[in-house]
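Protein chains: 2
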Amino acid sequence: MSLIVQKYGGSSVANAEGIKRVAKRIVQTRKAGNDVVVVVSAMGDTTDELLDLAESVSPLPAGRELDMLLTAGERISMALLAMAIKGLGVDARSYTGSQAGMITDAKHGSARIVDVTPGRVREALDIGAVAIVAGFQGFNRGTGDITTLGRGGSDTTAVALAAALGADVCEIYTDVDGIFTADPRVVPSARKIDRITSEEMLELAAAGAKVLYIRAVEYARRHGVTLHVRSSFNNNEGTLVINPQDGETMEQPIIAGIAADLSEAKITVVGVPDIPGKAAQIFTIVASTDANIDMIVQNVSSAATGLADISFTLPKLEGAKVLHVLESRKDDVGFDSLQYDDQIGKLALVGAGMRTNAGVSAKLFTALFDAGINIEMISTSEIRISVVTRADTINEAVRVVHSAFDLDTEDVALVHGGTGR
Amino acid sequence: MSLIVQKYGGSSVANAEGIKRVAKRIVQTRKAGNDVVVVVSAMGDTTDELLDLAESVSPLPAGRELDMLLTAGERISMALLAMAIKGLGVDARSYTGSQAGMITDAKHGSARIVDVTPGRVREALDIGAVAIVAGFQGFNRGTGDITTLGRGGSDTTAVALAAALGADVCEIYTDVDGIFTADPRVVPSARKIDRITSEEMLELAAAGAKVLYIRAVEYARRHGVTLHVRSSFNNNEGTLVINPQDGETMEQPIIAGIAADLSEAKITVVGVPDIPGKAAQIFTIVASTDANIDMIVQNVSSAATGLADISFTLPKLEGAKVLHVLESRKDDVGFDSLQYDDQIGKLALVGAGMRTNAGVSAKLFTALFDAGINIEMISTSEIRISVVTRADTINEAVRVVHSAFDLDTEDVALVHGGTGR
Chain A
1 MSLIVQKYGG
11 SSVANAEGIK
21 RVAKRIVQTR
31 KAGNDVVVVV
41 SAMGDTTDEL
51 LDLAESVSPL
61 PAGRELDMLL
71 TAGERISMAL
81 LAMAIKGLGV
91 DARSYTGSQA
101 GMITDAKHGS
111 ARIVDVTPGR
121 VREALDIGAV
131 AIVAGFQGFN
141 RGTGDITTLG
151 RGGSDTTAVA
161 LAAALGADVC
171 EIYTDVDGIF
181 TADPRVVPSA
191 RKIDRITSEE
201 MLELAAAGAK
211 VLYIRAVEYA
221 RRHGVTLHVR
231 SSFNNNEGTL
241 VINPQDGETM
251 EQPIIAGIAA
261 DLSEAKITVV
271 GVPDIPGKAA
281 QIFTIVASTD
291 ANIDMIVQNV
301 SSAATGLADI
311 SFTLPKLEGA
321 KVLHVLESRK
331 DDVGFDSLQY
341 DDQIGKLALV
351 GAGMRTNAGV
361 SAKLFTALFD
371 AGINIEMIST
381 SEIRISVVTR
391 ADTINEAVRV
401 VHSAFDLDTE
411 DVALVHGGTG
421 R
Chain B
1 MSLIVQKYGG
11 SSVANAEGIK
21 RVAKRIVQTR
31 KAGNDVVVVV
41 SAMGDTTDEL
51 LDLAESVSPL
61 PAGRELDMLL
71 TAGERISMAL
81 LAMAIKGLGV
91 DARSYTGSQA
101 GMITDAKHGS
111 ARIVDVTPGR
121 VREALDIGAV
131 AIVAGFQGFN
141 RGTGDITTLG
151 RGGSDTTAVA
161 LAAALGADVC
171 EIYTDVDGIF
181 TADPRVVPSA
191 RKIDRITSEE
201 MLELAAAGAK
211 VLYIRAVEYA
221 RRHGVTLHVR
231 SSFNNNEGTL
241 VINPQDGETM
251 EQPIIAGIAA
261 DLSEAKITVV
271 GVPDIPGKAA
281 QIFTIVASTD
291 ANIDMIVQNV
301 SSAATGLADI
311 SFTLPKLEGA
321 KVLHVLESRK
331 DDVGFDSLQY
341 DDQIGKLALV
351 GAGMRTNAGV
361 SAKLFTALFD
371 AGINIEMIST
381 SEIRISVVTR
391 ADTINEAVRV
401 VHSAFDLDTE
411 DVALVHGGTG
421 R
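Chains A and B, in that order, give the protein sequences. Position 153 of the first sequence, counting from 1, maps to 153 under full-length UniProt numbering, and the rest follow consecutively. Position 287 of the second sequence, counting from 1, maps to 287 under full-length UniProt numbering, and the rest follow consecutively.
Extracted from the complex, chain A is given alone in its bound form (with noise of 0.2 Å):
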């Protein structure tokens, strides 16, 4: 007997029909003898419905009342589940973040998990109910407040109750059958991805990859969950998560998947004096607005002028405040211009394979320069090689680096899921 959560995101819970039919895989998973953990996000657009009301009653609604509005929606979606289950036949039970146990720090909108302490799900998993847990919320002890964890949350709460219940894996539903190695709406070819590390899952995900969210896959590696994303619509195995031990290798191909980007900007500060300091004041500008910068590039610096350009790229949507607060600070930092371009986009080639393996950045750049595209930044971690082109080259850009590395299946029915599979 294997204990196991299960997460369903609120495109699986949509309606009514959609809470039946997940009521009956999660009654199936516990007729064949699991114990069942669910965690449930709000039904369809509820959040969005419920933040409409939001601003349509106060344009900056307060964080505290915002979250407390937000949690009704999984309030609706758990308690409904619970009852289908029930009508199944197969006792049970809904619990709240707070009543589950997820105790997260005060930060309304984005709180973090600090303590899970799911007593009384146990409970009902020692009488042999069913436990259906809202996803995305917890309680902060000190205000004794409710709070939200923000993007993703549904996911976090997923792991963090699988590792704090010792789970034999965390089930992920979602719309599609799994992690592609690259997005099959790009790449009709995509392979579905049977096993991943978080490693890699990580960087595919910090890349662009909308399927996981960073910090679920953070959480799991921290504490050794092991994830299976799969699709709520077929009962196809989807893709493993795993976390091979310290010194274990796994059998696996070089390249694990590549995840493209349209979502970011780069902002260039032209004309920086090449002289110590400058490129650390300038981060600490840009670091004091809380912008998420991915990529920094700087140009070798021209031996006549002395001056130096400096690139990075960041989300589009933080891209005007960015600006504000640099241009602001232009005398201090002694720069000439700001350059913003928001047609940039991202590939990034991620696989733990390409630690041993050589020739991995020359093979990716051939096939970039053999299909004309042009290269204007690259950034590389140990598992991974990013680089930004032209946002409308990017889907070729996949395609023929997913060809290049042999990634391509013939077998192009099992591709991206959808409703009603």
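Hints in this document: simulated from the structure, not taken from any laboratory. Please note that a few of the clues may not be correct.
Computed from the model, here is a short list of chain A residues facing chain B with C-beta under 7 Å [what the hints assert, rightly or not]:
| id | residue |
| --- | --- |
| 1 | Pro61 |
| 2 | Leu80 |
| 3 | Met83 |
| 4 | Gly87 |
| 5 | Ser94 |
Over 12 Å on every C-beta distance to chain A, these chain B residues come out as not near it, computed from the model [as the list claims (entries may be wrong)]:
| id | residue |
| --- | --- |
| 6 | Ala62 |
| 7 | Arg64 |
| 8 | Gly319 |
Just so we're clear, the structure is a prediction, and the values are computed from it rather than from any experiment. Built from N, CA and C at the ideal position, the CB exists for glycine as well.
Chain B: place on chain A using the hints.
Relative to chain A, chain B alone:
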């Protein structure tokens, strides 16, 4: 400085506009120097929508999960109301029933309050904030589960908080101007009652007056809480429901008001052997269905046959169930047949003054006789006389009795409230 508990029903907070209007009113009360605790119901039709959802996933939803589901309704309205108040520059905090210390027994769907520990509400008041409390909901200590108080639960929450906090008044906001001497839709000349005793209010509520729930009035009476029933759409004074101290007498008219009720039906058990214990046997059978029996009349038995008829009224909704169980025990009891009549109306005349005034019954019966209205059943309490008539004569009955007791006002402009005023 006073401590005021205000309760707003679902129709007052049906949409963003309503929430903002209510927020403004609360801010006015706070800025006038009062401590304010607000109890709020779910927005408009939210509860019915959630019930529909429950029904669509499970024909017979579990009580625990239904309570979990329904309590999402107040969570939404209270958070939005707190946001709206903060948006007007006054601090506000929302609290669930459990955070506000509404401790109940474990009876899901119709829990009773067993203790009120509003420590967090007091803390909010101490820092100058308005405390917004979810109506209708509580928490059971033994099970750790969320409960709901059943119909009229938000009124009860407000009264219970007012009692526990020692509030100066508990204001019940509604869409009418207060309690009227009769339903203004039936009697256009009905007067708003300025003051009424809780004893009279209880009788009116029990007899079908819809504005206040019996349970809340009972709680207020037991704990000496003064209620002020008033409109959320204007600033008019409404109706004060007061608790005269023992021995204290209130200068008041003989008759407080008239209530009418078309929701009941009459069952007659025909041909019951007139031997001791038969009535007890019949009502033991009826009691086993948990039906709410109201008036009971036994006619004189016929000396020739030794048989009597027993009639009683009960809510139409419970008619089928009671008929069914009585029919199944026909042979045990030994009656001839059952008659069911759902075309009855009930009129109740209520007034503490009738204790010391003879002739009230006579005046009532004369007024009905003069109007050609037949009386089918009569029952009396110390401060109430109820009669049953044909359903289609009940409105006329209310009007003639209202006139006979000089309750009519000339001022018909003040009459029945509604949205938009």
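Status of each hint after checking the structure:
For Pro61(A), the interface hint holds, since its Cβ comes within 7 Å of a Cβ in chain B; the closest pair sits about 4 Å apart. The interface hint given for Leu80(A) is met, as the beta carbon of that residue sits about 5 Å from the closest beta carbon of chain B, less than 7 Å. Look at Met83(A): its Cβ gets to within about 4 Å of chain B, closer than 7 Å, so that hint holds up. Among the interface hints, the one on Gly87(A) holds; its C-beta lies about 4 Å from the nearest C-beta in chain B, closer than the 7 Å criterion.
A cut of 7 Å between beta carbons decides the hint on Ser94(A): the least distance to chain B is about 5 Å, and the hint holds. A beta-carbon of chain A is positioned within 12 Å of the beta-carbon of Ala62(B); the least distance is around 5 Å. The non-interface label for Arg64(B) is inconsistent with chain A: the shortest C-beta to C-beta separation is roughly 7 Å, within 12 Å. With a least CB separation of 29 Å from chain A, Gly319(B) remains clear of the 12 Å interface cut-off, as annotated.
In summary, the structure is inconsistent with hints 6 and 7 from the numbered list given earlier, while agreeing with the others.
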